[in-house]
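Please build the complex by placing chain B on the supplied structure of chain A, with the hints as guidance.
The lines below spell out each chain.
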Amino acid sequence: MDGFGILKGLGVTLRRFIGTYIDDIKWLGKRYFTEDGIRHRMSKDVSGIFTVQYPEEKIPVPEEFRFIPFLVYEEKEDGRIFHRCTSCGICAKVCPPQCIWIVRTTDPKTGRPVPEPAEFYIDVDICMNCGYCAEYCPFDAIKMDHDYELSVYDRHTHNIYNKEKLSKPLSYYASIRPTNYQREEAIRAEAEAAKAAKKVAAEN
Amino acid sequence: MTEQLIMTDVDLAEKFPQKVKLDERKGYEGYLVDADAFLDVAKHLRDELGYDYLSSITGVDYYPENYMESVYHFFRTTGGPALVLKVQIPRDNAVVPSLVSIYPGAEFQEREAWDLLGIRYEGHPDLRRILMWEGFAGHPLRKDWREPYYEEDGKPFKSRWPDGHVYRIEDKNPFHKNVDYPADFDPDQWVPDNDSSLYASLTKIQSSLSDSGLKTDTVIVNMGPQHPSTHGVFRMVVLLEGETIRALKPVMGYLHRNHEKIGERNTYLMNMPFTDRLDYLSSMSNNFGYALAVEKLMGIKPPERAEYLRVIMAEFTRISNHLFAIGSLLNDLGAYFTPMLYAIEERELILDVFEAVAGSRMMCNYFRFGGVARDLPEGVYEKIRDLAYERLPRRIDELDLYLTNNEIIRARCEGVGILTPEQAIAYSASGPLLRASGVPYDIRRADPYSVYDRFEFDVAVRYHGDVYDRYLVRMDEIRQSIRILQQAIRDLPEGPIQAGKPQYQVRVPPGEAYGRVEAPKGELGFYVVSNGKPNPWRYHVRAPSFINITALETMAKGNKVADSVAILGSIDIVLGELDR
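For the protein sequence lines, the chains are A and B, in the order given.
Heads up, the first sequence is in numbering that gives the first Met the number 0, so the first residue is 0 and it goes up one at a time.
Heads up, the second sequence is in numbering that gives the first Met the number 0, so the first residue is 0 and it goes up one at a time.
Read the hints as simulated data drawn from the structure, not as lab findings.
Hints may contain errors.
What the hints assert, rightly or not - Pair by pair, the computed Cβ-Cβ distance ranges are:
{"#": "1", "chain 1": "B", "residue 1": "Trp132", "chain 2": "A", "residue 2": "Glu148", "range": "34 to 40 Å"}
{"#": "2", "chain 1": "A", "residue 1": "Thr105", "chain 2": "B", "residue 2": "Glu303", "range": "45 to 51 Å"}
{"#": "3", "chain 1": "B", "residue 1": "Glu421", "chain 2": "A", "residue 2": "Glu56", "range": "50 to 56 Å"}
{"#": "4", "chain 1": "A", "residue 1": "Ile24", "chain 2": "B", "residue 2": "Val218", "range": "55 to 61 Å"}
{"#": "5", "chain 1": "A", "residue 1": "Lys43", "chain 2": "B", "residue 2": "Tyr166", "range": "46 to 52 Å"}
Even glycine gets a Cβ: it sits at the ideal position worked out from N, Cα and C.
So that you can see chain A by itself, here it is in the shape it has in the complex (with noise of 0.2 Å):
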């Protein structure tokens, strides 16, 4: 019968459109701006409005987001500070739009290059976030940030990225990807003990 596919597809409409407020009034208030309301608008049960209300509302990300670069130091119980990657270049090497410079130090006296970086930069400008600087750090030296909101008014003074601002602290990083963080310390301590163990073997 003619007009009654759009019939039907008005009733399509029509049904997400009542389904919007029962669902509004099923979660009585506390489906927007509340947690449990995101991850429900994110759920394979969602219907209705699935808009998040951005910047009042933000998804949550997942441990896997990546976005921009940092460098990683750890933290000594004397408050020093070091930083875990050695300058090896692997990052600058690896990096498709070629957006990481690297200054490696060298001894005065030696000048024999020292594992710690004189200066390290990053033009964001130019990063394309791919992920393989860190997916490829043999340290886990470097690593994938969460933070995307970057905005900045000028980008010829704010967006180069030096040493220092790219630097965040270890326990910055266990926060952001959990599992990631267990997983490797557990490969660096088993690292570390076939290291003792050898230099034990080696002594005896």
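Then chain B, alone, in the frame of chain A:
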């Protein structure tokens, strides 16, 4: 299949002695054909041997050896592997006979090879530049051509480490000083030629129109580059008689960034995230095609679990892409945004999965050579399972009820933009466009890759070849993808996800490889030539959006101008891929 291949082998050599010989370079396949016998060989291929589908044309600049090569990949629409032909020509006089008279689908690809590599195709009806503008100096994909901010031939650049004092290239090499032009050229005096050759090709058609005896005037209308229906910056120049389209020329290249040149500067691994930016709606499929091509060269195979994960991601991509295509087709038809938002609500949930697995919603960069980047994090398997078994089937049924029998949609789409099966094959159309014209050609079936031979699914096909059937084929394909997903999720094996250790510098032996996948938009092929160095010598993308556009004029001719919008929407183009 092997028997058939041997048969062609004997046939070609017997039929064309002295003119055709096997390509015996290590790592290469196919035949070398003399330029003067090339058209005869092509005709023989099409008419006698059944290679009716010319998939890809490209060129390679073998600069050190001082010759160029025009490379052709032929397939049978009944299935099976490629037959590769190559014509070798000197660099300073690169002339090859054009295949447009035998395979009309060669038209844009030959223009591209002329534009970027400077191979002149003799006998081409309209050999203009296609991605660069008319008047551009040089052919950018030639190895001796250097881009404005040239730094080195291959990455990684030496300036980054160990003495990487940061600078921005545009500060060192400011605007105006970064371009290179002939000494006798004065940019201030230059007047652009206003597309005179484009309009000339249209007025030629204009003068041939006066067959009715009645003298009528025609109008040339530029649709785009800024037009909401073109899905980006794409321009259609249409010649109208009244409201009827008499001729149509697509103009493209506004988003051109020479992806292939960038790819040849990159190392193999670096290209992976760049492929995401081709068809940015289906980055997983792009990853897939590129990974297949390089894995073919390297001779490695990913482990089982990785293969299944790849299939799962590729099928999710197909669903989300088709939902987007249907949504934007409806937008083009004037059903503003309600269908679009209904469709992309499901896409949103699929992108949530990609974000959790790959780390990014659209620029996934998930595939690696010999595997995938990471295993499913906790909780994602359940999410995927719920989507494939519960949510998506339910919602696709709803979408079907909502749109398929709507009388307005049927009135606008049925019988519009018809492409016959013969035309579809001749114009090298692929994907839903080809299958809506009644050609059941799906690479997952015709030339299976990865683990697609293990799944039960039907090749979606429809027979009218109009806009409505293209919509229906996409709906059918979503359903088939859900079927594949359900099987893949059920059978997902445990085990490693990467063959060997992850490496940031892969060793790729010299040779060539053509890896192709059934991407949501059609056949996505990557032609990669390696010379054993860390950077690919040649990296070519056979982009389905680009080649499907070849048939646009045929589809649009005789329709009303308002329908051109629906026809373009039904092809489903993405400009990131079309312009590369």
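Quick rundown of the hints versus the structure:
Between Trp132(B) and Glu148(A) the C-beta distance comes to about 38 Å, which sits within the given range of 34 to 40 Å. The supplied range of 45 to 51 Å is met by Thr105(A) and Glu303(B), whose beta-carbon atoms lie about 48 Å from each other. Between Glu421(B) and Glu56(A) the C-beta distance comes to about 54 Å, which sits within the given range of 50 to 56 Å. A hinted range of 55 to 61 Å for the beta carbons of Ile24(A) and Val218(B) is consistent with their spacing of about 56 Å.
For the pair Lys43(A) and Tyr166(B), the beta carbons lie near 50 Å from each other, so the given range of 46 to 52 Å is met.
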